[in-house]
Structures are given as C-alpha cells and as structure tokens.
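When you get a sec, could you build the whole thing from the sequences and use the hints?
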Amino acid sequence: AQQDDIESEEIENLQSSIQSGSDLDDVKATPMKRRRYVPPSSVGFSFYFPNAVWEIQIVATAMQFSPTQPILRNVEKNERLRSEDGEYISVNNIDYQAKDLGGEDEAVTITQAGFYPVFFRNAKPLAGVDVRSYPHNKGMIVTVSLVNHQEIESHASQDHWRLQQIERALFDVQLNCYIQKGEVGDYPSVDYALLSESDQEIELQYAHKKVYAVGHGAAVRWELDSSYRHVVSIHSEFMPIEEVPQVTADLTDPSLGDVLSMAFLANTDQQVNEVCRQLKNFVNTYYQWIEGQEESLNGIENSHLLAGERIVKRMRVAYERIQSGIRLIQSDAIVAQAFAIANRAMLMQMEQSNRIANVQRACNWRAFQLAFILTSLTSTTNSDDEFRDAVDLIWFPTGGGKTEAYLGLTAYLIAYRRLKYRDSGGGMTAFMRYTLRLLTTQQFTRACRMICALELLRRQLVVQNPVYTQQSIYLLGKEPIRIGLWVGGDTSPNTIKKAQQKAQKLAQVDSNNSAQSISSSSNLSYFVITKCPWCDTPFDKNNLFVNPHSFHFHCSNASCDFGKHPHDKLPCNVVDEMLYKEPPTLLVATLDKFAQMVWEEQTQAFLGNKHTRPPELIIQDELHLIASALGSVAGVYEAGLETLLNIKGIKPKYVASTATIKEAQDQVKKLFGKDLMIFPPQGLSA
128 AQQDDIESEE IENLQSSIQS GSDLDDVKAT PMKRRRYVPP SSVGFSFYFP
178 NAVWEIQIVA TAMQFSPTQP ILRNVEKNER LRSEDGEYIS VNNIDYQAKD
228 LGGEDEAVTI TQAGFYPVFF RNAKPLAGVD VRSYPHNKGM IVTVSLVNHQ
278 EIESHASQDH WRLQQIERAL FDVQLNCYIQ KGEVGDYPSV DYALLSESDQ
328 EIELQYAHKK VYAVGHGAAV RWELDSSYRH VVSIHSEFMP IEEVPQVTAD
378 LTDPSLGDVL SMAFLANTDQ QVNEVCRQLK NFVNTYYQWI EGQEESLNGI
428 ENSHLLAGER IVKRMRVAYE RIQSGIRLIQ SDAIVAQAFA IANRAMLMQM
478 EQSNRIANVQ RACNWRAFQL AFILTSLTST TNSDDEFRDA VDLIWFPTGG
528 GKTEAYLGLT AYLIAYRRLK YRDSGGGMTA FMRYTLRLLT TQQFTRACRM
578 ICALELLRRQ LVVQNPVYTQ QSIYLLGKEP IRIGLWVGGD TSPNTIKKAQ
628 QKAQKLAQVD SNNSAQSISS SSNLSYFVIT KCPWCDTPFD KNNLFVNPHS
678 FHFHCSNASC DFGKHPHDKL PCNVVDEMLY KEPPTLLVAT LDKFAQMVWE
728 EQTQAFLGNK HTRPPELIIQ DELHLIASAL GSVAGVYEAG LETLLNIKGI
778 KPKYVASTAT IKEAQDQVKK LFGKDLMIFP PQGLSA
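Those letters in the sequence shown? Residues 128 to 813, by this note's numbering.
In case anyone wonders, no lab produced these hints; they're calculated from the structure.
These numbers were taken from a predicted model, which means no experiment stands behind them.
Every residue, glycine too, gets a C-beta built ideally from N, C-alpha and C.
Don't take every hint at face value.
As the list claims (entries may be wrong) - Here are the simulated distance ranges between beta carbons:
{"#": "1", "residue 1": "A334", "residue 2": "Q224", "range": "23 to 33 Å"}
{"#": "2", "residue 1": "Q723", "residue 2": "S755", "range": "13 to 23 Å"}
{"#": "3", "residue 1": "I427", "residue 2": "H263", "range": "22 to 32 Å"}
{"#": "4", "residue 1": "A320", "residue 2": "S354", "range": "31 to 41 Å"}
Unchecked claim - Listed next, the in silico SDA-like pairs over lysine to any residue satisfying Cα-Cα at most 25 Å (straight line):
{"#": "5", "residue 1": "K629", "residue 2": "K668"}
{"#": "6", "residue 1": "K440", "residue 2": "N408"}
{"#": "7", "residue 1": "K629", "residue 2": "T717"}
{"#": "8", "residue 1": "K632", "residue 2": "P607"}
{"#": "9", "residue 1": "K336", "residue 2": "F298"}
{"#": "10", "residue 1": "K251", "residue 2": "P167"}
In structure tokens form, the structure reads like this:
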C-alpha cells in the first residue's frame, strides 16, 4: 500500500501558523496539497510471430541500492535514525551502494508462457519475467514483462516507508529479448475500419514505416539483421531517440524566375500581367507534383484507396484556391494594388532588419508563405467566397516562417480595406491572438516592424485632390496604421495612471547609479517596447510620453523615420486605455484577455463604430495549445465574438497556425464550429 506524501513545505507553513498564534479556522481554510506518486512495478513490450513456433531468450539487467550500513527499522516519524553500532545518521545523509543485477548469467530461454524468476539475492528472486501469449490469426502475440514483486510494508512509518521504497526499487532497468526461433512480423494494428479518417490517412502516409513491437511502460526499439528484413532483438527504451528529417522551405528551381522576390511582387500594380504570368508558372510546378501523387494512387492497397483519394482531393482544392487568388489579382485593380503594398511593406521591414543586423539576406518569400497568401486571398477579400467560413490553418514546423505568412496576409487586408473603403476602412482590421503571454509579447515586437513599414507607406502614398488642389489625399487613409498589445496588467500597464506611475519611477532613477540603472531597465521592460521597433535604438525614460490623458512612444534617433520630428508618435501602444481611445489597426492579445469584452464596456471600440468597419480577420497562433479547459472557455467566447461581428454585418475570416495537426479537424469543429483547410495539404507519404 502506498501512503500519501504531504509536501514538507505545507507542513512547515502549518507549523509556523500554529506557532504564530494564527486563527486555526484560517489555517483549515487552506487545504494542504497532497502528492501521491505510485512508481511503476513492471515494464515490457509485445510483438507478433506469424506462426506458432517461436523461441526467445530474455536478458534482464537492473541496479539496486543498499545502505552501506544497517539501519534500525523501528523509526518514528521526524526522528533521527540510529545504526546498529549506536551512531546517529540523518535520513537524508544515508550512504547507499549500487549493485548490478541480472545479465547474461541469468539469461532465460523461453518457449511458452509462464513466470521466470530473476535477480536472485540470498536465493530469493527480487523480480521475474512474465511471458504471456495470445493467439492472433495463424500466429501468436507474445508479451514479455519484467515485474518487481518486492513489497513495501503497508504499516511502516513514513520515513521507514521511504527507505523501503529506495531499497526495494529497481533502477536502470533494461529488458532485452533475442529471437532464437521464429520470425517477428508486423505488429497487428487496430481494425482499419475502426480508425478515424485522420488515423486512416496516417496509416497510409506512414505505410513505409515498419512497427515490430509496442512498449508497455516504456518505449521499444528493435535491431534488424544485415539484410534489414528480419528482427534479431527487441529492447526496452526509457529515453527513446528518433532522428527527425530536416524540413526545408527553400526552392532553388531557376525556372521560377523572380516570383518569390518581394521586390518583384511589390510592382504588381505596375506590371500585373507579368507578375500573374510568373505566379501561374509558380503554381504549375505544384500542379505537376499533384498529378504525380494522383498517379501513385494506382500502386496503393485497396484498403488505403479512399484515404488516398481524400488526400489528393485536398491538394486539388488548394491548387484551385491558389489559381483563384491569382485570377483575383489580375482582374481587380484594388486587389493588385493592395497585394503590391503588402509586398512593399514586407520588403521594407526585411530590408530594415538586414540594415540593423548588418547582413545581406535575400528578401524573398518562402514558397509555402507565398502560396498560403494566394490560397487565402479570395476568401479574405470576398465575404461571399465559399471558403470564407473555413479556418485556413498554416501547418509547418516551428521556425519555418508561419508568422511571416499570416503577417503578409494581414498587411494585404489592411491595405485592401483602406483602398476599397476610403471612408470606413480605418479602425481595427485584425485580431492576432496567442495563448501564452511571453509568446504574445515576442510576436508583438515582430509585428511592430511590419506595421511601422505600412504606416510609412501610408504617409508616402499621397496624391493631389483633383478638386481642391491644395489638399492631399492619403491613399491608405488619414488615420494612422497602428498596432496594440492587449494583455494582463502583470505584463503591461492597463491604465494611463499606472503607466504614469511607472514612468515617474523611471524619472527618479539616477542614471549614474549602476544598481538603479538595473532597476530602470526592469521598469522599462514593463512597457514591453524597450527599443524603437523600426531603427532598434534603445529606449530610456525620455522615450515615454505620458500625461494624465495620454501615453505613447517616441523615437529619439533623428535619423530614424519616426524620430525626425520631436512630436511624432510611434505607431504602437501597450496601454489598454489608449487602445480603447485609439483602436489599433492590428490588435495582438492573449486569448484569455477577451474575457474583458464582457466586463469592460470600452472594448466595444474594437468592434468598429458608425465611422469604421468592424474587424474582418481573426488570427489564432499555436492552435494546438487551445485544449482542455481553455478550449472549452475559448469556444464559448468565440461564439459570442463572432455573433457580435455578424450582427454588425461582418463574417470574419479565421486563420490559424500550428506545428502539429493531429486531430486538428475535430479541434477546429469544437472550437470554432467550422470546417478546416490545412495548408500545405499533406501528400500520400510522410
């Protein structure tokens, strides 16, 4: 029997409360945390022999620790331990000696099910190999387990129980099985008809991966003979290692021309026909690959055929959506101009990053990034598109560039709205949501530079008013393009008053005092933005402009595009009150922050007003993290948010990203109540 292990910290807190004379009712009101750890008593694996004739040899090894000197057993709780020679030694200072157990000297040859004792000490076995066999088809499934059958006295005191747990545990266990007779076959899987569609497709995509055994309580590895056709041994593995193939997003096909160049695509509005010609050539290479996949359907098993057809169908849908995006660019001048502006903004921010890092890097899209933007272009632009109500999920390994893909789409929509709806295209355009605060602030700083580039373009794209020649018309509107961070008060100030208090503390710091300088840096980090997002100039207290009614950042670098004028504001803010007063074009927030929309009336400013359209794009990063209780709550708020936008006449476009997509279709259905479109669609083979 296992006893509950009360945290020592909780005991100390209870004792100190009693000693200090605290009210016992208050002490009882806080339940003590109990931790119950039940270590496993066995480990094993199963494998399959296609015929009933088999013979295996088991070699088990382990290590046991014994105290270097005998310990008195009748120990009371919280007392010191006395050794037999009369010396006192503390519980935590007992010396133990390791002893190896098992090995080839205790190898067991097995031809039938049974229990075979191993690890003898004083002629008494400490453990045993348990072998069980189950008929399956014409063969036999064999399960081999190493079982520690030592017991701990249930009536032992807490300290005595802990000592027994150490002494009677087996460490560094290794279970090895060598095949003497018979041939190990593929391990039987669940009946194919019982698998979900997702699992059926996984079966097809990993059909080339052989599974010869499954582990119980540990992973399992096997070794093949020199022909790589026959299993010669199977081993337990508590720390499995698997080499994951490197994924590359780079295409070096010279036939693609300049299609991935942001500088080339930034001229779409000037040379739309040439751009679209190269885009069509770009997507044709994808079409050729799809045709090859379709031909491969002829060589797969009939049981996998339906799964393969579903996979190929998704590829064809993605291809048609990319083609639709290209046709929209070619036929709609506003779309072409917005696409050019988005590429110009991404180019500017990438060139700026190169200048700051003093490196020469090509300013190109990765193929999947450009393809994703083209895939989502029509449904993001037209609310009546058949895929408007579907969630477009970018699926790519971590660090592959998912963020740039949806930032490019966001830049496009910001430009399109302001070009299409001159009077109402301002206000908030997109929500960008994350589940973790640290990740939210990191992605916020990445998005800031793109927004800065768009704001500079807004200031530059000016034409003369044909009626009033003394007036200028901003093609992207008079309202600045801004970004805001909306997170909890522990990460950034929620009120102008709190921001002012923090700024005043900074002002009181003596810059000559190194200790206080550290404090100054710490206080400045509370404002998240600690350097100019455009030129990277470090900030100090002088870069914060705050009064009882306003807060904003200013760059003090005179050579920066945002520092030339002393009263110029950086297009970013982190104070909730300012976000309500001046709704940002792009709002970056944590998912749980949206609960504020129920309690804080000012959040209605995010949903548009009589002068501006409601937001039209909702981006959910790290989709796989929205699970369990968070997913349940998020689903409720999601329904409320979408209902509000629908009432205002907007059907929002949903975009998500993830590095893992297992059962993503089911998750999206539960979270958003929508269909899922994964990009890029997987092929027939992993």
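Quick rundown of the hints versus the structure:
1. A334 / Q224: 23 to 33 Å: Violated, at about 51 Å.
2. Q723 / S755: 13 to 23 Å: holds, 22 Å
3. I427 / H263: 22 to 32 Å: Check passed, 25 Å falls within 22 to 32 Å.
4. A320 / S354: 31 to 41 Å: For A320 and S354 the Cβ distance comes to about 34 Å; the hint holds.
5. K629 / K668: OK: K629 and K668 at ~10 Å, within 25 Å.
6. K440 / N408: holds, 21 Å
7. K629 / T717: holds, 23 Å
8. K632 / P607: violated, 30 Å
9. K336 / F298: violated, 32 Å
10. K251 / P167: holds, 21 Å
Checked against the numbered hints above, the structure violates hints 1, 8 and 9; every other hint is satisfied.
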